[in-house]
Amino acid sequence: QQQVKQSPQSLIVQKGGIPIINCAYENTAFDYFPWYQQFPGKGPALLIAIRPDVSEKKEGRFTISFNKSAKQFSLHIMDSQPGDSATYFCAASGNTGNQFYFGTGTSLTVIP
Amino acid sequence: DAGVIQSPRHEVTEMGQEVTLRCKPISGHNSLFWYRQTMMRGLELLIYFNNNVPIDDSGMPEDRFSAKMPNASFSTLKIQPSEPRDSAVYFCASSHKLGNTGELFFGEGSRLTVL
Chain A
15 QQQVKQSPQS LIVQKGGIPI INCAYENTAF DYFPWYQQFP GKGPALLIAI
65 RPDVSEKKEG RFTISFNKSA KQFSLHIMDS QPGDSATYFC AASGNTGNQF
115 YFGTGTSLTV IP
Chain B
97 DAGVIQSPRH EVTEMGQEVT LRCKPISGHN SLFWYRQTMM RGLELLIYFN
147 NNVPIDDSGM PEDRFSAKMP NASFSTLKIQ PSEPRDSAVY FCASSHKLGN
197 TGELFFGEGS RLTVL
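Going line by line, the protein sequences match chains A and B.
Read in the working numbering, the first sequence has 74 at position 60, and its numbers run on one by one without any break.
Read in the working numbering, the second sequence has 172 at position 76, and its numbers run on one by one without any break.
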């Protein structure tokens, strides 16, 4: 049973496009939502994270939008570049433990 | 900093053999996690330790899997006997904060193939 549902499974965009990856959760105890980026042959690495007390967080070309009432959050990549081609994982964690629940990942390809 | 170090990077073994995966977390980190990654199921948490003590092993698929953390700088994940369905990439990650905002630092993974 997936605690965090992620879509789409894969995404192909042209350079300069704005890919959007969506995640949804059910557990209202979650209060920390990170996104991880994984390149082939490497482990995931933290990209950006948000808490539910804000609706948006931006770091460079990466933006998280958060909708607490809908229990959904999404990652937007502005002016995407071929170097952004990677697998992206959303995750969620709550204050009752040290577990991070990951989505199933989205494979992003940015075409030059 | 060396980061989280895992070994071996690749392991090919035959069904029934014992497999031991090793992890050295980042010095000073007090939490260690073992994840398994497959195409079908994504990243699954197998077990995590805090201050060398196993906290939650509910993700360990069955008794064939065991994990230990004898000290703060070393952990092992053992599969005995291994089966083809255990083929996956196994990641170790460490964190320096207890609580839900600790950033996870992942190793580069151990790719296991069981024939």
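Warning: the hint list may mix true and false statements.
[Said to hold, decoys possible] Lysine-lysine pairs mimicking DSBU-like chemistry, simulated, CA-CA at most 35 Å apart: (1) B/Lys164 - A/Lys71; (2) A/Lys56 - B/Lys120; (3) B/Lys174 - A/Lys56; (4) B/Lys120 - A/Lys19; (5) A/Lys72 - B/Lys120; (6) A/Lys71 - A/Lys82; (7) A/Lys71 - B/Lys120.
[To be verified] Interface residues of chain B toward chain A, partial, derived using beta-carbon atoms under 10 Å: (8) Val108; (9) Gly138; (10) Leu139; (11) Glu140; (12) Leu141; (13) Asn148; (14) Asp152; (15) Gly155; (16) Met156; (17) Arg160; (18) Ala163; (19) Lys164; (20) Ala189; (21) Gly203.
Just so you know, these hints were derived from the structure itself, not from any lab.
Every residue, glycine too, gets a C-beta built ideally from N, C-alpha and C.
Structure-based check of each hint:
no. : hint               : in the structure
1   : B/Lys164 - A/Lys71 : violated (38 Å)
2   : A/Lys56 - B/Lys120 : holds (16 Å)
3   : B/Lys174 - A/Lys56 : holds (22 Å)
4   : B/Lys120 - A/Lys19 : holds (31 Å)
5   : A/Lys72 - B/Lys120 : holds (33 Å)
6   : A/Lys71 - A/Lys82  : holds (14 Å)
7   : A/Lys71 - B/Lys120 : holds (33 Å)
8   : Val108             : violated (17 Å)
9   : Gly138             : holds (4 Å)
10  : Leu139             : holds (4 Å)
11  : Glu140             : holds (8 Å)
12  : Leu141             : holds (6 Å)
13  : Asn148             : violated (14 Å)
14  : Asp152             : holds (7 Å)
15  : Gly155             : holds (9 Å)
16  : Met156             : violated (14 Å)
17  : Arg160             : violated (22 Å)
18  : Ala163             : violated (15 Å)
19  : Lys164             : violated (18 Å)
20  : Ala189             : holds (7 Å)
21  : Gly203             : holds (5 Å)
When held up to the earlier numbered hints, the structure conflicts with 1, 8, 13, 16, 17, 18 and 19 and fits the remainder.
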